[in-house]
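Undergrad: So the chains spell out like this:
2 protein chains.
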Amino acid sequence: MAVTGPEIERLIQLLSKLPGLGPRSARRAVLQLIKKKETLLAPLAEAMAVAVDKACICTICGNVDTQDPCTICRDGARDPSAICVVEDVGDLWALERAGVHKGRYHVLGGVLSALDGVGPNDLHIGALIERVQKGEVKEIILAMNATVDGQTTAHYITDRLEGTGVAVSRLAHGVPVGGELDYLDDGTLAAAMKSRRPF
Amino acid sequence: MAVTGPEIERLIQLLSKLPGLGPRSARRAVLQLIKKKETLLAPLAEAMAVAVDKACICTICGNVDTQDPCTICRDGARDPSAICVVEDVGDLWALERAGVHKGRYHVLGGVLSALDGVGPNDLHIGALIERVQKGEVKEIILAMNATVDGQTTAHYITDRLEGTGVAVSRLAHGVPVGGELDYLDDGTLAAAMKSRRPF
Numbered sequence: 014m015a016v017t018g019p020e021i022e023r024l025i026q027l028l029s030k031l032p033g034l035g036p037r038s039a040r041r042a043v044l045q046l047i048k049k050k051e052t053l054l055a056p057l058a059e060a061m062a063v064a065v066d067k068a069c070i071c072t073i074c075g076n077v078d079t080q081d082p083c084t085i086c087r088d089g090a091r092d093p094s095a096i097c098v099v100e101d102v103g104d105l106w107a108l109e110r111a112g113v114h115k116g117r118y119h120v121l122g123g124v125l126s127a128l129d130g131v132g133p134n135d136l137h138i139g140a141l142i143e144r145v146q147k148g149e150v151k152e153i154i155l156a157m158n159a160t161v162d163g164q165t166t167a168h169y170i171t172d173r174l175e176g177t178g179v180a181v182s183r184l185a186h187g188v189p190v191g192g193e194l195d196y197l198d199d200g201t202l203a204a205a206m207k208s209r210r211p212f
Numbered sequence: 014m015a016v017t018g019p020e021i022e023r024l025i026q027l028l029s030k031l032p033g034l035g036p037r038s039a040r041r042a043v044l045q046l047i048k049k050k051e052t053l054l055a056p057l058a059e060a061m062a063v064a065v066d067k068a069c070i071c072t073i074c075g076n077v078d079t080q081d082p083c084t085i086c087r088d089g090a091r092d093p094s095a096i097c098v099v100e101d102v103g104d105l106w107a108l109e110r111a112g113v114h115k116g117r118y119h120v121l122g123g124v125l126s127a128l129d130g131v132g133p134n135d136l137h138i139g140a141l142i143e144r145v146q147k148g149e150v151k152e153i154i155l156a157m158n159a160t161v162d163g164q165t166t167a168h169y170i171t172d173r174l175e176g177t178g179v180a181v182s183r184l185a186h187g188v189p190v191g192g193e194l195d196y197l198d199d200g201t202l203a204a205a206m207k208s209r210r211p212f
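Chains as they are written, first to last, in the numbering used here: chain A, 14 to 212; chain B, 14 to 212.
These are calculated hints, taken from the structure and not from any lab test. Ideal placement from N, C-alpha and C gives every residue a C-beta, glycine not left out. Careful, some of the hints might be misleading.
To be verified - In silico lysine-lysine, DSSO-like type, Cα no more than 27 Å apart, as pairs:
| id | chain 1 | residue 1 | chain 2 | residue 2 |
| --- | --- | --- | --- | --- |
| 1 | A | K49 | B | K30 |
| 2 | A | K67 | B | K48 |
| 3 | A | K48 | B | K151 |
| 4 | B | K49 | A | K67 |
| 5 | B | K207 | A | K30 |
| 6 | B | K67 | B | K30 |
| 7 | A | K115 | A | K151 |
| 8 | A | K30 | B | K115 |
| 9 | B | K50 | A | K49 |
Unchecked claim - Partial list, derived from the structure: chain A residues whose beta carbon lies under 7 Å from chain B:
| id | residue |
| --- | --- |
| 10 | T17 |
| 11 | L31 |
| 12 | Q45 |
| 13 | M61 |
| 14 | A62 |
| 15 | V65 |
| 16 | D78 |
| 17 | E109 |
Just chain A, with the same shape it has in the complex:
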C-alpha cells in the first residue's frame, strides 16, 4: 500500500543501498532530509550532482579525487621515492588522517583471494611494477590489512618486486596503542613478542 509518493519511495530505496544504511535507517534519513530540506537535502543533492560530474580515479595511484592526477600525486612536497601500497582508497585516507606517510600511494583495488576468484590481473599490481621500473622509487611500504588475503597479496607483490632493487617493508604487527593484552588474540601477542624492541 502506498504511504507516500513514489519519488520519496525511490529515494528511500536508493539510500538503503549505501553501506551502513538499511531500509529502516534509510527511511529515518529521508524523513530527516525532508525536514531539513533547505539546509540539508538541497545542498546534498547539489553536492552529489557535482560529484557525478567531477569525481574521478587518479590514473597514477588510484585515489579518488576531483582532479587527475590526484592532490597527493600532484603535491611536489611529497617524497616520490616511497610508495605505500594499500588495498582500498579508504585505507589511503585512513593513513593520511594519521599523517604517517609523507610519500605517494598505490591503491590495489582489493586483495588476492582464491575464494572470491580475485587473481593478480584483477588488481592494479602491473601498474605498481611499472611505477617501480621507472626508477624513481626506492621503497615500497606494504600496508595491506593484517588478514590472510592481505598478507598473501603482500607476499605476492614482494615476489614480483624481486630484482627491481627497491626496498620492501611492511607495517609492524603488535599491540595496538591503548590496547589491553587480556583482550588480544594469540597471533597478535605472538607477533608483538617476536618483534619486541629494546626499551
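Add chain B to chain A, keeping to what the hints say.
TA: For chain B alone, coordinates are given in the frame of chain A:
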C-alpha cells in the same frame, strides 16, 4: 592535509549529518557512491533533486508526501471516522507497513516535554481538535510511544477531547509477539498481567 578534492570532502561532510551515519561511515558511503557512479550516485543525485522539488507535508495530517493532501488523506477507501494520532511520520509509516489501521492519521510532530521545553502549542494538537470538531470523526486512537512523555501527551490530548463526544483509545501494552518474559522489564510484565484476556 587535503587527501581528496574539496567537492568530495563536502559530500562526506553533508552525508555524515544523516542519522545513522558518522564521519567514518559517510566516507565509506562516498567511496561506494563514486565506485558506482552511474548506477547509484547519479540516480541518487537525481532522486534528491526531485525530492527537493516535490516533497511536502500534508496540511491535513502532517504525513510526508509528494502531493498535498497526501496519498492517505486522498484515499476514499479509508475510514475518515477513525484517526490514529502518532508522534512522527516514521511512526505513521511503521503502522502502515504493519497494515493495522484502515482510517486516517494525525502527526503531532513530537511529544510534550517539560525537559526539552515542548508545550502544547509546539505540537499539532490544535489542528487535531479542529479535525474532530468538524464532526466526521468518531474515534481517536492514541499511538504515542510508550515513554513517559508519550503517555503524558496522550493524557493531555484525552483531556482536550473531553466533551467532543469522540471515543478515545490507546494501543495495548503487553508482551511483544515473539518476546521472552525473562527479558522483559517489570513495567511491561505488570501491564501484561493487568490487561490479561480470557483464553
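Undergrad: Run every hint past the structure and note whether it holds.
TA: Tested hints:
1. With a C-alpha separation of about 11 Å, the suggested pairing of K49/A with K30/B holds against the 27 Å cut-off.
2. Using a Cα cut-off of 27 Å, the hinted pair K67/A and K48/B holds, with the two alpha carbons roughly 13 Å apart.
3. Of the pairs offered as hints, the one joining K48/A and K151/B is violated, with about 31 Å between alpha carbons and a cut-off of 27 Å exceeded.
4. Proposed proximity of K49/B and K67/A is supported: the alpha carbons are some 14 Å apart, at most 27 Å.
5. With a C-alpha separation of about 44 Å, the suggested pair K207/B and K30/A falls outside the 27 Å cut-off, and the hint is violated.
6. Proximity of K67/B to K30/B is assessed by CA-CA distance (about 22 Å); at most 27 Å being required, the pair is judged to hold.
7. The hinted pair formed by K115/A and K151/A meets the criterion: a straight-line CA distance of about 14 Å does not exceed 27 Å.
8. Simply put, K30/A and K115/B have alpha-carbon atoms about 31 Å apart, too far for the 27 Å limit, and the pair is violated.
9. A distance of roughly 25 Å separates the Cα atoms of K50/B and K49/A; the hinted pair therefore holds under the 27 Å criterion.
10. About 5 Å separates the beta-carbon of T17/A from the nearest beta-carbon of chain B, less than 7 Å, and the hint is met.
11. At its closest, the beta carbon of L31/A sits 4 Å from a beta carbon of chain B; the interface hint therefore holds under the 7 Å criterion.
12. Of the supplied interface hints, the one on Q45/A holds, with its beta-carbon coming within about 5 Å of a beta-carbon of chain B, less than 7 Å.
13. Look at M61/A: its Cβ gets to within about 4 Å of chain B, closer than 7 Å, so that hint holds up.
14. Checking A62/A against chain B: minimum C-beta separation of about 5 Å stays under 7 Å; hint holds.
15. Restraint check, V65/A versus chain B: the minimum CB separation of about 5 Å is within 7 Å; hint holds.
16. Among the interface hints, the one on D78/A holds; its C-beta lies about 5 Å from the nearest C-beta in chain B, closer than the 7 Å criterion.
17. For E109/A, the interface hint holds, the least distance from its beta-carbon to any beta-carbon of chain B being 4 Å, beneath 7 Å.
Going down the numbered hints, you'll see the structure goes against 3, 5, 8, while the others check out.
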